[in-house]
Every structure is written in C-alpha cells, then in structure tokens.
Amino acid sequence: MSIDGRLIWVKILKLSVTLMRLEVRWRILLPAEMEM
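Counting from 31, one number per residue, gives the positions in the sequence shown under our numbering.
If you're looking for bench data, these hints aren't it; they were derived computationally from the structure. Do not rely on the hints blindly, as some may be mistaken.
Here are the simulated distance ranges between beta carbons [what the hints assert, rightly or not]: (1) I33 with E53: 27 to 35 Å; (2) M64 with I33: 29 to 37 Å; (3) E65 with R36: 31 to 39 Å; (4) K41 with E63: 40 to 48 Å; (5) L43 with E63: 47 to 55 Å; (6) L37 with R57: 27 to 35 Å; (7) E65 with I33: 46 to 54 Å; (8) P61 with W39: 44 to 52 Å; (9) M64 with S32: 31 to 39 Å; (10) A62 with K41: 31 to 39 Å; (11) M64 with G35: 40 to 48 Å; (12) S32 with L52: 41 to 49 Å; (13) D34 with E65: 43 to 51 Å.
Ideal placement from N, C-alpha and C gives every residue a C-beta, glycine not left out.
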C-alpha cells in the first residue's frame, strides 16, 4: 500500500511540474505571437 501510494504521489508531482512548465511557456509565447 505505502509503495503504491508513493508511486501515485510521484506521478502527480511530475504531472504538476510539467503543467507548470507548459503554463510558463504559453505565458511567454502567447504575448509574443499576439504582438507579431
């Protein structure tokens, strides 16, 4: 049980990190494209 719980938390953390990275990229790229 504890091992499965840790694996689930690791997956959630990885997903949250990737989502934050994508969000930062979109915030930087979208305004640049709108200006062009």
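Checked hints:
Here the CB-CB span from I33 to E53 is close to 31 Å, well matched to the stated 27 to 35 Å. Judged by the Cβ atoms, the range 29 to 37 Å given for M64 and I33 is violated: they are separated by roughly 47 Å. One distance hint, 31 to 39 Å for the beta-carbon pair E65 and R36, is violated here, with the actual separation near 45 Å. Range check, K41 to E63: about 32 Å between beta-carbon atoms, so the 40 to 48 Å window is missed.
Between L43 and E63 the beta carbon distance is about 30 Å. The supplied range of 47 to 55 Å is therefore violated. At about 31 Å, the beta-carbon gap between L37 and R57 stays in the expected band of 27 to 35 Å. Between E65 and I33 the CB atoms are about 50 Å apart, so this pair conforms to the stated range of 46 to 54 Å. Taking 44 to 52 Å as the suggested C-beta distance range, the pair P61 and W39 does not conform, at roughly 34 Å.
At about 48 Å, the beta-carbon gap between M64 and S32 misses the expected band of 31 to 39 Å. For the pair A62 and K41, the beta carbons lie near 32 Å from each other, so the given range of 31 to 39 Å is met. Checked against the hint of 40 to 48 Å, the pair M64 and G35 passes, with Cβ atoms roughly 43 Å apart. With their beta carbons about 31 Å apart, S32 and L52 fall outside the hinted range of 41 to 49 Å.
At about 48 Å, the CB distance of D34 to E65 agrees with the hint of 43 to 51 Å.
When held up to the earlier numbered hints, the structure conflicts with 2, 3, 4, 5, 8, 9 and 12 and fits the remainder.
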